[in-house]
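Number of protein chains: 2
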Amino acid sequence: MKILVDMDGVLADFDDGFLKTWQNLHADKPFIPIDQRTTFYVVDQYPEELKDLIRQTIAAPNFFGSLPPLPGSVEALTGMRAMGHDVYICTSAISAFRSCVVEKFEWVEAHLGTDWVKSLIFAKDRTMLRGDVLIDDRPAYEGGFVPSWEHVIFDRPYNREVVGKRRLTWDDWKAVLFGGNE
Amino acid sequence: MKILVDMDGVLADFDDGFLKTWQNLHADKPFIPIDQRTTFYVVDQYPEELKDLIRQTIAAPNFFGSLPPLPGSVEALTGMRAMGHDVYICTSAISAFRSCVVEKFEWVEAHLGTDWVKSLIFAKDRTMLRGDVLIDDRPAYEGGFVPSWEHVIFDRPYNREVVGKRRLTWDDWKAVLFGGNE
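Chains as they are written, first to last, in my numbering: chain F, 3 to 184; chain C, 3 to 184.
Isolated chain F (complex conformation) (with noise of 0.2 Å):
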């Protein structure tokens, strides 16, 4: 099978990172916590006087090489490919580019190893990507392509009212993408 996993809150924990950066630089603002996050974007759900600021945590220099693996993430995709499926990790970059392209290489050494990083896509459009399954936290996507994978939707607080597609965290994986037989 030809796996394609998405990065940001799905292989890194973008989520949790930002929680924990907001909340050491700016204690004295509010936060959303994690089970309460209802928007894709983390900047959606916050009011208008905090956006900038959120933006700047966010193209912040180590914001993205900071960020933790969601639990369970990194053993899923060295799984995966112990069993002989190809994982190609998805991300894109965002605007402020310069501050997120080398971190995302070099998390993606940092935590899964050198040979994963010719395994890393940078792509804004995702269904110019060819695979069986894209494992994404995104709620739809929309491209130039009629999408060739199955979206698998990775369960998080904020994508809890998509229905009609398979959902999959880090402790079923097995058992949603290949029944629960391997």
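Check the hints yourself; a few may be wrong.
Copies of the same chain look alike in the list, so a pair counts if it fits in one copy or across any two.
What the hints assert, rightly or not - Derived DSSO-like pairs (lysine-lysine); straight-line CA-CA distance at most 27 Å:
id	residue 1	residue 2
1	Lys120	Lys4
2	Lys53	Lys120
3	Lys31	Lys126
4	Lys126	Lys53
5	Lys4	Lys176
6	Lys53	Lys176
7	Lys4	Lys126
8	Lys31	Lys53
9	Lys176	Lys22
10	Lys22	Lys53
11	Lys176	Lys31
12	Lys176	Lys120
13	Lys120	Lys31
14	Lys167	Lys22
15	Lys31	Lys4
16	Lys126	Lys167
17	Lys53	Lys4
To be clear, the hints were calculated from the coordinates, so they are not data collected in a lab. The structure presented is a predicted model; accordingly, all values stated were derived computationally and were not measured.
With chain F fixed as given, assemble chain C onto it according to the hints.
Then chain C, alone, in the frame of chain F:
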């Protein structure tokens, strides 16, 4: 049409940039003029004792960022987009990724403009990308998929032995891709 365009040696003039940097830094060392280049990778055509120095030259900061555009390449890409085609720029990181990934984003921003940055794709395995054509100077492609695109070879001195593929330059791209009627 969905047109994939390779970056190094097609959009950015890797050979010209390498030769100028090499001659500038190592005027005492031999060099191979562009019209005598016979291998896809520059390093393969130089003697063993110079290979490490060549790899260091390519991995040095500012190497990728200072590559000149191939004459006509920028005009061709903006022309394709003006005709209504979807154009994606395809590249991959060298193993010394820290010295190249940001510079490749900056190159696209500087020579094509900010709105082209989101069309830049990093993918080592180009067979996983969908498109109608891939314009690329690499003689042949292998990867995890049977390609969905037609490989149109971008004419360079080192790929002249390739036969059986349509061949394109930035002078005749309209005729090659569209039959000369546009």
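Here is what the structure says about each hint:
1. With identical chains, the CA atoms of Lys120 and Lys4 are at most 27 Å apart both within one copy (15 Å) and between copies (24 Å).
2. Taking CA atoms no more than 27 Å apart as the test, Lys53 paired with Lys120 passes between copies only; the shortest distance there is 22 Å, against 34 Å inside one copy.
3. For a Cα distance limit of 27 Å, the shortest separation of Lys31 from Lys126 qualifies neither inside one copy, at 32 Å, nor across copies, at 42 Å.
4. Taking the shortest Cα distances, Lys126 and Lys53 sit within 27 Å of each other inside one copy (22 Å), while across copies they are farther apart (35 Å).
5. When the C-alpha separation of Lys4 and Lys176 is checked against a cutoff of 27 Å, the pair qualifies only within one copy, where the shortest distance is 14 Å, while the shortest distance between copies is 35 Å.
6. Taking the closest pair of Cα atoms, Lys53 and Lys176 never come within 27 Å of each other, the shortest separation being 38 Å inside a single copy and 45 Å across copies.
7. With identical chains, the CA atoms of Lys4 and Lys126 are at most 27 Å apart both within one copy (19 Å) and between copies (15 Å).
8. Taking the closest pair of Cα atoms, Lys31 and Lys53 come within 27 Å of each other only inside a single copy of the chain (12 Å); across copies the shortest separation is 55 Å, beyond that limit.
9. Taking identical chains as interchangeable, the C-alpha atoms of Lys176 and Lys22 are never at most 27 Å apart, the minima being 30 Å within one chain and 53 Å between chains.
10. Proximity of Lys22 and Lys53 under a CA criterion of 27 Å is satisfied intra-copy only: 17 Å inside one chain copy versus 46 Å between copies.
11. With identical chains, the CA atoms of Lys176 and Lys31 are never at most 27 Å apart, being 40 Å at best within one copy and 56 Å at best between copies.
12. Taking the shortest Cα distances, Lys176 and Lys120 sit within 27 Å of each other inside one copy (24 Å), while across copies they are farther apart (33 Å).
13. Within a single copy, Lys120 and Lys31 get their C-alpha atoms no closer than 40 Å, and across copies no closer than 32 Å, so neither meets the 27 Å cut-off.
14. For the homomeric pair Lys167 and Lys22, neither the shortest alpha-carbon distance inside one copy (31 Å) nor that between copies (54 Å) is at most 27 Å.
15. In this assembly of identical chains, the alpha carbons of Lys31 and Lys4 never lie at most 27 Å apart, being 43 Å within a copy and 46 Å across copies at closest.
16. Within a single copy, Lys126 and Lys167 get their C-alpha atoms as close as 22 Å, which meets the 27 Å cut-off; across copies the closest is 29 Å, which misses it.
17. In the homo-oligomer, the alpha carbons of Lys53 and Lys4 never lie at most 27 Å apart, since the shortest distance is 37 Å inside one protomer and 36 Å across protomers.
Consistency note: the structure conflicts with the earlier hints numbered 3, 6, 9, 11, 13, 14, 15 and 17.
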